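With these hints in hand, go ahead and build the complete structure from the sequences.
Chains A, B, C, D, E and F, in that order, give the protein sequences. Following this note's numbering, the numbering of the first sequence begins with 1 at its first residue and continues without gaps. Following this note's numbering, the numbering of the second sequence begins with 1 at its first residue and continues without gaps. Following this note's numbering, the numbering of the third sequence begins with 1 at its first residue and continues without gaps. Following this note's numbering, the numbering of the fourth sequence begins with 1 at its first residue and continues without gaps. Following this note's numbering, the numbering of the fifth sequence begins with 1 at its first residue and continues without gaps. Following this note's numbering, the numbering of the sixth sequence begins with 1 at its first residue and continues without gaps.
Hints were generated in silico from the structure; no laboratory data involved. None of these values were measured; they are calculated from a predicted model. Don't take every hint at face value.
Said to hold, decoys possible - Simulated pairs of lysine to aspartate or glutamate, DMTMM-like, Cα-Cα distance not exceeding 20 Å:
| id | chain 1 | residue 1 | chain 2 | residue 2 |
| --- | --- | --- | --- | --- |
| 1 | E | K12 | E | E69 |
| 2 | F | K18 | E | D53 |
| 3 | B | K18 | E | D20 |
| 4 | F | K26 | F | E42 |
| 5 | E | K17 | A | E46 |
| 6 | E | K17 | B | D28 |
| 7 | C | K68 | D | D53 |
Residue strings, one per chain:
Protein chains: 6
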Amino acid sequence: MKYGARNAISAKVKSVKKGDVMSLVKFDVTSPATMASVLTTESVEEMGLNPGDKVLLVVKAIHVLPVKE
Amino acid sequence: MKYGARNAISAKVKSVKKGDVMSLVKFDVTSPATMASVLTTESVEEMGLNPGDKVLLVVKAIHVLPVKE
Amino acid sequence: MKYGARNAISAKVKSVKKGDVMSLVKFDVTSPATMASVLTTESVEEMGLNPGDKVLLVVKAIHVLPVKE
Amino acid sequence: MKYGARNAISAKVKSVKKGDVMSLVKFDVTSPATMASVLTTESVEEMGLNPGDKVLLVVKAIHVLPVKE
Amino acid sequence: MKYGARNAISAKVKSVKKGDVMSLVKFDVTSPATMASVLTTESVEEMGLNPGDKVLLVVKAIHVLPVKE
Amino acid sequence: MKYGARNAISAKVKSVKKGDVMSLVKFDVTSPATMASVLTTESVEEMGLNPGDKVLLVVKAIHVLPVKE
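Written out as structure tokens, the structure is:
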């Protein structure tokens, strides 16, 4: 399987909270991960992003797609 | 700082590839992370997601927002 | 009307399931569609995407915007 | 393979346009599809969405994830 | 026209920067706007969001869909 | 704080509607804003977007990330 996405993180389901239409699922990440972000070059320059910089990677839960093989 | 997002992962910039309008930045995740996903309850049920299940969490790089403090 | 999006698919509402805050709506696609994806060039190369290849196009329901004229 | 997404559309690659960081890929949809959208209940009510209504489903190309098996 | 989205902001194009595959367009907002966000109830509670609170609304440019009538 | 996003809009919480898993929050924008969109160059050309053009910027509420400092 090959995914058209830069981030594919191995994880294990920790909890499932079912709502009427949407559900919230939590996971433990099981292997050290690298991640990737695409943003405007303008943002990269304004932030002054350089190798070694510490950042926080913020991702809304709605953008995380679980795949079960 | 409080973010309206379930995922906030500490990371360090590894590389920056600048394009004309968009750039691709890669990161090393510096601490073991838990992650969260919101999906339809219908998807949770069709996938049969239960605690302990192994999954792959797929996230397009465009949805990853770096924040530098 | 012109939309800044590559995908605009004609469809007919099949069902509506209303929740407290979010709702899930299903549609029958009424005309054969072509679709487009934007992804990193790195992903295209790792996947080895070439004309003729069979793929599955996965789209979270949250990213589908219905417009009623 | 089970995906945490309501839309999984069979398609065939038609063209690939590679850019420096991002690429645009076009597809022919190979089977008639049904699609699903999640939106706020407030939007559903303001739009007055009912079974049988004709709509346009607008999806930015960046939200389409190709998967190659 | 009715859109399945809570945010529809009137604006005027200020500049267009065309890249090989993606372009960056800037706008002046022409009318005072209200905006809406959907997030997990868990996030709302952890943030302690209450009427009157000052916040910053962060939106990646990729999630903004221009429509020209 | 520097965000890897082109849009950061100052706003004040107007109302909070909590659901079982997801909540809908509304805001008054407190300062006139400029906004930015990234879309395919192909879309820019088909729309014929030029400085001065009037547009509607449509953003699903799910893509709006509130940050509280």
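Evaluation of the provided hints:
For the hint pairing K12(E) with E69(E), the CA-to-CA distance comes to about 12 Å; that is within 20 Å, so the pair holds. Between K18(F) and D53(E) the CA atoms are separated by roughly 16 Å; this keeps the pair inside 20 Å, and the hint holds. Distance check on the hinted pair: K18(B) and D20(E) sit about 13 Å apart at the alpha-carbon level, within 20 Å; holds. Among the hinted pairs, K26(F) with E42(F) is inconsistent with the structure: their alpha-carbon atoms are about 33 Å apart, more than 20 Å.
For a cut-off of 20 Å, the pair hint linking K17(E) to E46(A) stands: about 17 Å separates their Cα positions. Under the criterion of a C-alpha separation no larger than 20 Å, the hint pairing K17(E) with D28(B) is inconsistent with the structure, at around 31 Å. Of the supplied pair hints, the one linking K68(C) and D53(D) holds, its CA atoms being roughly 8 Å apart against a limit of 20 Å.
In terms of the numbered hints stated before, the structure departs from hints 4 and 6, listed from lowest to highest.
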